[in-house]
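*Asks:* Chains H and D, in that order, are what the protein sequence lines are. So for the first sequence, this note's numbering puts the first residue at 1; every next one is plus one. So for the second sequence, this note's numbering puts the first residue at 1001; every next one is plus one.
No false leads were mixed into what you were given.
Every beta carbon over 10 Å from chain D, so not counted as near; a handful from chain H, in silico:
hint, residue
1, P48
2, N183
3, P233
Coverage of chain H stretches by chain D, computed from C-beta distances (three or more under 8 Å per stretch; other residues unrestricted):
hint, segment
4, 77-90
5, 95-101
6, 110-118
Calculated from the structure, these hints are not laboratory results. C-beta: ideal position from N, C-alpha, C; glycine also.
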Amino acid sequence: MSAPGTEGAVVTARNLDLTFQTSDGPVHALKDVSLSVEPGEFVSFIGPSGCGKTTFLRCVAGLEEPTGGTLEVNGMSADEARRARAYGYVFQAAGLYPWRTIGGNIRLPLEIMGYSEEEKARRVRQTLELVDLGGFEKKFPWQLSGGMQQRASIARALSFDADLLLMDEPFGALDEIVRDRLNEELLSLWDRTGKTMLFVTHSIPEAVYLSTKIVVMSPRPGRISDVIDSPLPKERPLDIRDSREFIEIAHRVREGLRAGMEAA
Amino acid sequence: MSETAAPISAPEAGVGWSARVARVTSAMRQTTLPVLGVLAALVLIWTLACIPMNAAQSVLDASRAGETVSPEAASERRGMSALALALRNPGPAIAHAYTQGRPRLPAPHQVAGALWQSTATVAPTSAQSLIHHGWVTLSATLLGFAIGAGLGIALAVGIVHFRVMEMSVMPWAIVSQTVPIIAIAPMIVVVLYAIGIEGILPKAVIAAYLSFFPVVVGMSKGFRSPDAMQLDLLRTYGASRPQTFWKLRLPASTPYLFASLKIAVAAALIGTIVAELPSGAQAGFGARLLAGSYYGQTVQIWAALFAAAILAAGLVGLIGGLERKSLARMGMRP
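Isolated chain D, as found in the complex (with noise of 0.2 Å):
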């Protein structure tokens, strides 16, 4: 029986160049290559799936430009479903299949290209700039998690103290997540504009309205996890019940709210998207999905739908930093 504390070495001591090597190899090993191992694959797959796909265009492309397709006529071909004509004409079909304007999927290189294109190359204040519309999501985002969130944390503390809210807020919170939010955002954006509300807050609203629900749910049971024998020792210090909150319920809370968080900063960012679609709006990623989609360009929706992507990723690995970052704090087991 070791009456010591245990072994406490700083990560790096003692570890020689040789064996630091071994071990970042190894790592990589591990971690690196499967994930770029499956991100390899996705890619093969679109890519893959981009040739039957785009047959339909391909050919036509390939048949304009005088090559023999088969069928040859026209009217033959519109009956013909995708993967029949790709298999009929590969050549024409893989030739033409990455390079259309608006293709009904476009390829990896293609959106990209867009990506890049209205990142880099365009002034970030331009209307043609995905750095500007992400800003005007992201705003709304920020500012809908933040309401959903301080909300849910609210209503989680009030449910852990009040047994009645618990029994009258509960079920509600749980209905208001069973309507589909593409139904009642429009519903949002007219009753906030008649009573005088627009801009940033409607869309902001309807991501509150996402994000505060897995907050409610994780830090009700957060609040809730400490033991009964971590309570009674609190009651044997004659504690109060905010004594109790503060110093035991809200610390042994930490990791329920961070995972909570994650689900809803991507939630409340979905919000802002669907809120942006029905409201008219001028700029954000939704309104540039929806200009898009109004005029046919496939690239432009899907550079879209990437750039939303990785603001997501973005903001959720935001919040697993500041998670790692305050559990080391609080001295959480590495």
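Just chain H, same shape as in the assembly (with noise of 0.2 Å):
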């Protein structure tokens, strides 16, 4: 486990605790949880249901409110760093509104924050082009593919550029082949932009072949098992998970995950 408290780190939690009370008792959805994120850094997040990973995403992002501990997005508390728009959130569903166009759903959040009509036009036309889909501006989503919609809403989630991108599950719903492709634009989106990522899958293959570092979780109480740091270069072709690092590394994350499951 990393250090937490590094200077300079994008996301520090320090034994963070998440409690919610049921009517069926109390849930440990996260237990002292502790994990620092540097800038720059493609953190993937990986576990069965229930462990975790989405609520500890949610708590980076301010949607809900740890229990115990401290939490640090940007040097303020989680809220803060809402308020202040530090953050891009991708949510496992497109989620585009349909009645407005594919430009027109990019430009939400542009709208909300106030951005002046020639930004927004600009900005609009940029992270469609970022994400391959310029020409599409004027679609309405339902006349677009699953895979485009999915690429529309990271666009939509880029176009403020906050520096820090958190996405639960955004290809989950995908097939392999375009989640395949999907996954290779995101890592060339990364290595442009140099955004820091927080990602959440339950796929191995997706986390090992995205991340710098691949947080492992185990579920009741929700909790990090393992964090392996990615000893994989940069540049990742597709068929870097041939290579004898990528299913080392894949092996320990399964042994990660096999591990937690028993201690549970």
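Fit chain to chain and form the complex, with the hints in mind.
*Replies:* Below, the structure is given as structure tokens:
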């Protein structure tokens, strides 16, 4: 586990606890989670359902209130960071507004944040190019495939140029082929923009392929069971997944997951 | 896996004439014919029902014209059911069923004739004109509908934003609708008259009383229709409550808005007509119905009923048209 409290960290969590009170008694969604994310890192969170990976991401986003420990995002509390629009969030479903065009959907956060008209138009065009959706600005969401809709939702999260991108299983609902392609595009996007990525997934190859750091989590209570720093180079063609290093990391992730399940 | 856009071809593009004819014919077979079939069946049942319904008068007319009827004594016929009378005198019952001045059940052609006569052959300003009465009712309906829909939307906005308002307003809204409108309408007219309000406004108030409710119910549902993820998305942008309302809740509620407006406009029309009954109104469909029932003018009553139904259908159709237009403009999937 990396030492929390590093100077200049984007996300710093110390002994984070989150307990939901339900009618069946308390549920320990997160227990004693400590983690630090440095600028420009690509961090994946992997684990079985109920391990708290999405909950942790929602805490970072200020959408859930931790019941214990401390959490800093860009040196602020998570809620302050949310109000300061410190991050873009990509949900599992694209969740585009059906009554807005693709361009209109990407314009939504810009409207809320009060950008000028020229700035809105410029950023919409720019982010559409970034996710390779140039020319689709005037289309409505239902006219696009699932993969394209998810790319549009990534563009929406990128449009206001926050340095931190939080992604909650963004490709979970897509088929393998589209997912591979979007993974490749996401890596190149990350390379070009230098953003810090927090990425929730339950696919081992996806986590290993994308990340510079893999956080393995286990359920009941949700906690971190292993943190793996990836030795893979930044340049990653898809066939890197057949290399020995890749297979070794994947193996370690799998071991971590299994150990977490047995301990639970 | 196709990464290209779904094909969006213009509906008519590249379709040959014969294919279009085939499609129109099949559309007719699928929709027009069943609709016409049901209509024809209703008219037929109505026409046949005229025979027993009007049998007493038919047999009396026949006997006065010197035909033999059974039983011959009028005193014996008085106690008999209409159906039995029609069965014992099928000839006279059929022959005289469709020509009476004040039939119990007017025949379709009589109602159609009265409708035609009271719209096309008299001046639109005359007291005989259904256009005149229709306009009086329509103006109160539209005013009441506007008040009711506005009030309904305002209440729904409050209910969605303030939990305490849901608990304090919703029960009263529900209670208001359990009181029969026929009971409360005269009281509203009297109370408003006492404070000097008369004319179109009391009718509009009663129309609004009926029409706000579907709008409150529909729009509170509509404003709440965005799911948790869409609300979370706006929270990640740090959006304010007004921004969440204008950018998400309001556009998401559009389909609910039109559904509730359709119910509300029909309710407003009914409210207006009911309001015209006890208020001693000189004009309006309600006044026309009341006058018809005073003088036993069944044809006049039925003509007014049909005129009201046609007006209601027109209003609902108008809102349906607006709905299609706005949803198409909002890019909703056709």
